[in-house]
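*Asks:* The primary structure of each chain is shown beneath.
Number of protein chains: 2
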Amino acid sequence: MAWNGDAGDALGRSTFQVDLDAIARAVYDSGAKVVGLQLPEGLKRLALPLIEGIEQATGAKVVLSADPCYGACDLVDDQFDPLGVQLVIHVGHSPMGDTEPRIPTVFLDAPSRLDVGPAVRDSLYKLGRGGRIGLLTTTQHKHALRDAKEILENAGYEVSVGTGGRRLAFPGQVLGCDFSAAKDVEHSVDTFLIVGGGSFHATGVAMSTRRPVVIADVERGEARTVEEELDLTLRRRSATIQKAMDCHTFGIIIEARPGQRRWKLAQSLAKMLHDAGREAVLMVMRNISPDRLVAVGLDAYVNTACPRLTIDDQSLFPMPLLTPVELRIMLGREGWDDYLLDTFD
Amino acid sequence: MAWNGDAGDALGRSTFQVDLDAIARAVYDSGAKVVGLQLPEGLKRLALPLIEGIEQATGAKVVLSADPCYGACDLVDDQFDPLGVQLVIHVGHSPMGDTEPRIPTVFLDAPSRLDVGPAVRDSLYKLGRGGRIGLLTTTQHKHALRDAKEILENAGYEVSVGTGGRRLAFPGQVLGCDFSAAKDVEHSVDTFLIVGGGSFHATGVAMSTRRPVVIADVERGEARTVEEELDLTLRRRSATIQKAMDCHTFGIIIEARPGQRRWKLAQSLAKMLHDAGREAVLMVMRNISPDRLVAVGLDAYVNTACPRLTIDDQSLFPMPLLTPVELRIMLGREGWDDYLLDTFD
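Protein sequences, first through last, are from chains F and D. Following the working numbering, the numbering of the first sequence begins with 835 at its first residue and continues without gaps. Following the working numbering, the numbering of the second sequence begins with 835 at its first residue and continues without gaps.
Bear in mind the hints are in silico, worked out from the structure with no lab data behind them. Since we're looking at a predicted model, the values are computed, not measured. Careful: at least some of the hints might be erroneous.
As the list makes no split between identical chains, a pair holds if one copy fits it or if it spans any two.
List of simulated lysine-lysine pairs, DSSO-like, C-alpha gap at most 27 Å [said to hold, decoys possible]:
{"#": "1", "residue 1": "Lys1017", "residue 2": "Lys895"}
{"#": "2", "residue 1": "Lys867", "residue 2": "Lys1105"}
{"#": "3", "residue 1": "Lys976", "residue 2": "Lys1017"}
{"#": "4", "residue 1": "Lys1077", "residue 2": "Lys976"}
{"#": "5", "residue 1": "Lys1098", "residue 2": "Lys867"}
{"#": "6", "residue 1": "Lys895", "residue 2": "Lys1105"}
{"#": "7", "residue 1": "Lys1105", "residue 2": "Lys960"}
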């Protein structure tokens, strides 16, 4: 299928491959006349060329969801439904096995065009003595997992790729909220190598498995160990828990969307706080932002939605923001040595 | 019912009266075990005392909606539903006759405790020669409408209070998106007086009726005419429309919630743009913020959701944001002299 020059150019220039043909085919085959489109933040600027391409090829009307979309946990069926959307195209994330969309949804990968070779080869200098490597990656580099495995095996390493839980879409997948593929093989590896992803994934694996972790930074073409970042993160979280100890009123944040909803957990945390003589307010919200929390005016907040936000974005919030695990530590129900990242696995 | 000291104090200190007894009674009578609570931004800090009061009196579990709530058009049933909410308490806004909540909802006023007398008496110096006044107010000062009418009549004015359309909850109500109570009586008055509200309400009435408008600023205890503000607003909007004329790609923003959804209008605007040789992307979103629009990367945006945001908040957005009316003017389908505020009436 030949696309108009502009659409082709914009898509061709992107670091990520978005298969417009596959999308158009999926829309055409479904017979849908109204289609919803979800894109991760970094690909939102491809909305115009994609939409024009789909409309040109199929005659369907396309509506973009313009709210932030951080994963397959971020579905917006409740917004698409009233507009008569019959099919959702979700680009850039793998589906989550434990989250069922209400509207028929096609999940399409947006693989990175970048060559993982340089970063993986650089990691050979960082992996250390142990001969057994646990290999992990994100959706964007899934297609390169085999190449990465080969590079490691050719260098004499024994490589394991873990299977993990229902939320994951493929073996070796790591999510900001799910490290089960790492835990699956932690006892039979010496070091983990994550191809792609960011510091949060790496420190998450390190905290979940107590194994050394090396991250192959595909964009920079080099690898690094994560001990310093891990240490910094742990010290920051420790300081936040300390601050929260002096707080009296707590907001427990719940996200209503299926991929991030932990209502029972939120209620049990509220009870835990009441038992400890604190005050707790259950709060449901769409987008967790500092202004919203300042408006409600409580001393501290516990986030039962996306675990990554709490750890990565603390500096944006003028008050302590805790994960459920950290609240338990704060209330003395768990020790600091038991500290683990909050996960959905 | 005697409340604990803290709840009573916090509620007692607020500029707005929130009747905790009435709320508790409504919850108790409904038999609801899980209750949702919505509060306007300025009253979000009353969440804790209100929730404690309700839970203490009824044993029901309460969940606060912590997203911004600007009116009865801002319902969050889709977020309350998955949590099993059986009753919603919506404080501070009157219901909108054209918006039906999905979950049983009790709308409770939060009347201002401030005396409207000083501001209304000050307006007597600003009202001008004509003897006929159209009286308007917002939900917060609804209870003081009769007093205001009396002050005007005692001073010799003839006062009319318009009825308006389905969206309104009481005669004389003015909303940022609905000026029908003003239009109802515009031909039989010389000047409008708005008790309370802000510049946007006042300029909205001025633009909708082409009559002089005086605003009785209850918080300051004084009144002012709005010609300068109106003039500034019109000049700013004219400049924005000019800028938009040079734009090629447009995003048409749709809000999915019942109170703000104009899907058909959005689609017709997209067609209008295509016919004029421009490119258009239909976009549904929850919270319209500058970052979100920058991410999609279009030249300009047309907002079919809350009209007030487009006019009041333009300075926050680095690109032109237009109302549907302004887009029509930009495309030459209406003249500048026909300029009216975008409304839902």
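*Asks:* All hints are to be evaluated individually against the structure, with a verdict given for each.
*Replies:* Results of checking the hints against the structure:
With identical chains, the CA atoms of Lys1017 and Lys895 are never at most 27 Å apart, being 44 Å at best within one copy and 37 Å at best between copies. For the homomeric pair Lys867 and Lys1105, the shortest alpha-carbon distance between copies (16 Å) is at most 27 Å, but the shortest distance inside one copy (48 Å) is not. Taking identical chains as interchangeable, the C-alpha atoms of Lys976 and Lys1017 lie at most 27 Å apart only when both belong to the same chain, with a minimum of 19 Å there against 61 Å between chains. Proximity of Lys1077 and Lys976 under a CA criterion of 27 Å is satisfied in neither setting, with 40 Å inside one chain copy and 44 Å between copies.
Proximity of Lys1098 and Lys867 under a CA criterion of 27 Å is satisfied inter-copy only: 15 Å between copies versus 38 Å inside one chain copy. Taking the closest pair of Cα atoms, Lys895 and Lys1105 come within 27 Å of each other only across two copies (11 Å); inside a single copy the shortest separation is 47 Å, beyond that limit. With identical chains, the CA atoms of Lys1105 and Lys960 are never at most 27 Å apart, being 46 Å at best within one copy and 57 Å at best between copies.
Going through the hint list in order, the structure does not satisfy hints 1, 4 and 7.
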